[in-house]
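Based on the provided sequences and hints, a complete structural model is requested.
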Amino acid sequence: MNIDERIERRLGYGTTTGVVVDADALSPVSHRSSPVGRGPDLERLLDALDPAFTGSLPPSMYIHGPKGSGKSAVVTALFARLAAHGGQKQSIQTSTRAVDPVLPEFAYVDLRHAHTRFRLYHDVLSAISDEPVPDHGIGTEELAEELADTVSGRMDVVVALDHTAEPASPSVSTAIEWLSAVNTRIVPVCLGREPPTSINWDPEVSIEFDRYRHHVLVELLTTRVSSGLTQHAITHDQVREVSEWAEGDAHDALAAIMGAALHAEQSDAPTISTADLDIGIEGVPKPCVSLGRVLALSESRQRLLYELVSLSEPDRASVNAATESIAAAPAVDLSPSTVRRILYELADVGLLDRVTAPRSKGKGRPPSRLVPRFPTLLFRELFGQQ
DNA sequence: ACCTGGTCCCGGGCTCGGTTTT
DNA sequence: AAAACCGAGCCCGGGACCAGGT
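Numbering of the first sequence is given in numbering that gives the first Met the number 0, commencing with residue 0 and proceeding in unit increments.
For the record, the hints were derived by calculation from the structure and aren't laboratory data. Bear in mind that the values here come from a model prediction, so they are computed numbers and not experimental data. Please note that a few of the clues may not be correct.
The following label-pair restraints were derived from C-beta to C-beta distances [as the list claims (entries may be wrong)]:
hint, residue 1, residue 2, range
1, Gln384, Ser272, 19 to 25 angstroms
2, Ser55, Ser172, 23 to 29 angstroms
3, His214, Glu176, 37 to 43 angstroms
4, Ser197, Pro329, 24 to 30 angstroms
5, Gln230, Asp277, 51 to 57 angstroms
6, Leu56, Ser172, 17 to 23 angstroms
7, Glu323, Ser197, 40 to 46 angstroms
Note that the Cβ used here is the ideal one computed from N, Cα and C, for glycine as well.
Set out below in structure tokens:
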């Protein structure tokens, strides 16, 4: 979206009539180029990376902290900037100074996508190379060699490995193993929620992120809503309320606000009412799985979840009932047995909760109903747009 | 004993770059 | 130059078996 368009929308000349002007600014899965309230942590990161600015190898790092504490936000922003400065090309263009140290290449890789060796090599390679990397028709070992060749001929590479050790992504030690098998000049910067004592890897530097403190989260949310919503769409008290409820988790807070805004938008309201906010908060379960994990699933699995959250209460009362309804949906072309298996798999990785019914009628094991553990309002909206 | 829900696993086939043959 | 073939990862279907209830 260009600047003129943004300004016009703020002035109210845009196509939308509701409270949302920029959904991206509100979204818990999109990171801003200038994160709010994490200045000291950014400095700590830069301190640790300091050797890179003088031409030597920076230390390996482990950045850990709870969900929604800004780890990804800070690292994606920082690496995006550093990548723009990184490599030889940039240093030639800017070599006005006498001594111009060459920065390493910086690459950000999301292990939610790069959850196999093949995809990890693929994503690192496409981040540091200008040439397109095939995603089919080439062996893993072949890809590893190509990556090794690319790296050995160039500078060092610093790779951020985000979302380690989630149910569907590799552990820190596995990812490290995959990378070091290719080249030892690739420096890993891992991000995860587990404490450093339980990751089975010894990083040279370890940095901890704490939950956002209440007033910092309020500031963050205020910044986000000021560019994402129309003026006065949400009150300061409402922002404070969400912040308090979210207990320092920026992901949950943003999901709740965006859910509330979408609900207000549906009724063409000029502001977010108390009822809208309640519904927005209600749409975010506690504890909540990051929306990013849902959006990293394959298309067919997202479709299945979309159908699931669109079901009526009785259809969701048991896994079998849900299976039948979902398999019967016109947009789903999977067999019932596959639908059933995938539903159980999704429950296994924590995206759904199985709540066993206490009912005593009927023979056999009591059925369980499936409860989503992710922001449902937001997911429906985002998936529905596609 | 019997029934239904839940878990685990593997063969087969699809898609799509790369490679060889025509 | 075009067509046929190969093989990589990945998705799908389904069956065997285990768990928990009457």
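- request: Would you list, in rising numerical order, the hints stated earlier that this structure does not obey?
  value: 4, 5
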